[in-house]
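Chains G, P, W, S and B: place on chain A using the hints.
Protein chains: 6
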Amino acid sequence: MKLSARNVLKGKVVKITPGAVNSEVVIELPGGAQIVSIITKESVESLGLKEGKEAYAVVKASNVMIAVD
Amino acid sequence: MKLSARNVLKGKVVKITPGAVNSEVVIELPGGAQIVSIITKESVESLGLKEGKEAYAVVKASNVMIAVD
Amino acid sequence: MKLSARNVLKGKVVKITPGAVNSEVVIELPGGAQIVSIITKESVESLGLKEGKEAYAVVKASNVMIAVD
Amino acid sequence: MKLSARNVLKGKVVKITPGAVNSEVVIELPGGAQIVSIITKESVESLGLKEGKEAYAVVKASNVMIAVD
Amino acid sequence: MKLSARNVLKGKVVKITPGAVNSEVVIELPGGAQIVSIITKESVESLGLKEGKEAYAVVKASNVMIAVD
Amino acid sequence: MKLSARNVLKGKVVKITPGAVNSEVVIELPGGAQIVSIITKESVESLGLKEGKEAYAVVKASNVMIAVD
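Protein chains in written order, with this note's numbering: chain A, 6 to 74; chain G, 6 to 74; chain P, 6 to 74; chain W, 6 to 74; chain S, 6 to 74; chain B, 6 to 74.
Okay, chain A solo, but in the shape it has when bound (with noise of 0.2 Å):
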């Protein structure tokens, strides 16, 4: 499946915080960057998501701010 996402950054689980609804998930890029995600719980277990494991943090580009010191 390809999608309209433009932002697709390839990484690796490095933790997973659970909660009943939700679940925090941290992606470290290869540059040492972490990215952080809420998504569902369920979506967790359906992906299989595991620290450790390889995976993308997918964003939509209108969801990309932009800031200057």
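Check the hints yourself; a few may be wrong.
Treat identical chains as interchangeable: a pair holds within one or across any two.
Stated by the list, open to error - Derived pair list, reagent style SDA-like, types lysine to any residue, alpha-carbon separation capped at 25 Å:
id	residue 1	residue 2
1	K46	T22
2	K55	A72
3	K55	V73
4	K17	V31
Source of the hints: derived by calculation from the structure; they are not laboratory data.
Coordinates of chains G, P, W, S and B only, in the frame set by chain A:
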């Protein structure tokens, strides 16, 4: 100003495509990955964004999805 | 690629309205309901979207609101 | 109240999973497709949502992505 | 129609900037604060939005970030 | 840091409801209107949010819908 958004990635503006209301801004991260953002044309102007300028891509954690192969 | 987004609805592209940066894409579901999407013009091109083509509307669960009469 | 959101899909609540802050609500459309929504627990209560009740899934067009096989 | 979105702020339309696909709508709240919204051009038309008209700015709680000085 | 988000509303934290992963934060604006936000529990801690503290509600323009009576 310190923001609740968990994802703040430093990079450099490499491309700006203006529209009537929204503009597309591409940020290149140090490792070479690119982040595409859609923000209002007025924000591009008020932040003084220009190609070559340092900037941050900012994403709220609830807007990050995860994918696996 | 398998995605964490919980809502993936199969349909057919029935209309594409291009803008300078964003385009509006309408997907018709089998029952006749229509889903309207705003994605970047570049995504419309990279996915090869055309009227009549099969496609999926994809929505993260945290972006779905509920209403009652 | 008439809303700018372009996607308003009528269905029936088939499942509610409560958490401390957010709840997951599943709406089944007439054709059998299901839409998953994450809203605050307080919204579930103020709307009086219950399994079997009619409700609408509402999505802003800019939050709909497109995918192709 | 009653909506799950927790933030519904009443004000008056003070400016509309149309684009090919999206339009920018500015709502002024009673206290003078302004809220900027990007919605589709078609929604501006179907809601009959005009400068001076009363309208509500509506935001899902999961789309509100917090910042501190 | 200057942000592209067009909506930055100053107020005071009046209520924090913590969950396992996300927390609900209510900001009261000077005129008495309240803004409800869902952010991660870790952001509440890293920003040092407490009831009575000044804070800003921040919303990207593309996440604001419009409604009329």
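Each hint, compared with the structure:
Taking the shortest alpha-carbon separations for K46 and T22, both the intra-copy value of 9 Å and the inter-copy value of 11 Å come in at or below 25 Å. When the C-alpha separation of K55 and A72 is checked against a cutoff of 25 Å, the pair qualifies only between copies, where the shortest distance is 13 Å, while the shortest distance within a copy is 32 Å. For a Cα distance limit of 25 Å, the shortest separation of K55 from V73 across copies, 11 Å, qualifies, whereas the shortest one inside one copy, 35 Å, does not. For a Cα distance limit of 25 Å, the shortest separation of K17 from V31 qualifies both inside one copy, at 8 Å, and across copies, at 24 Å.
The structure shown violates none of the earlier numbered hints.
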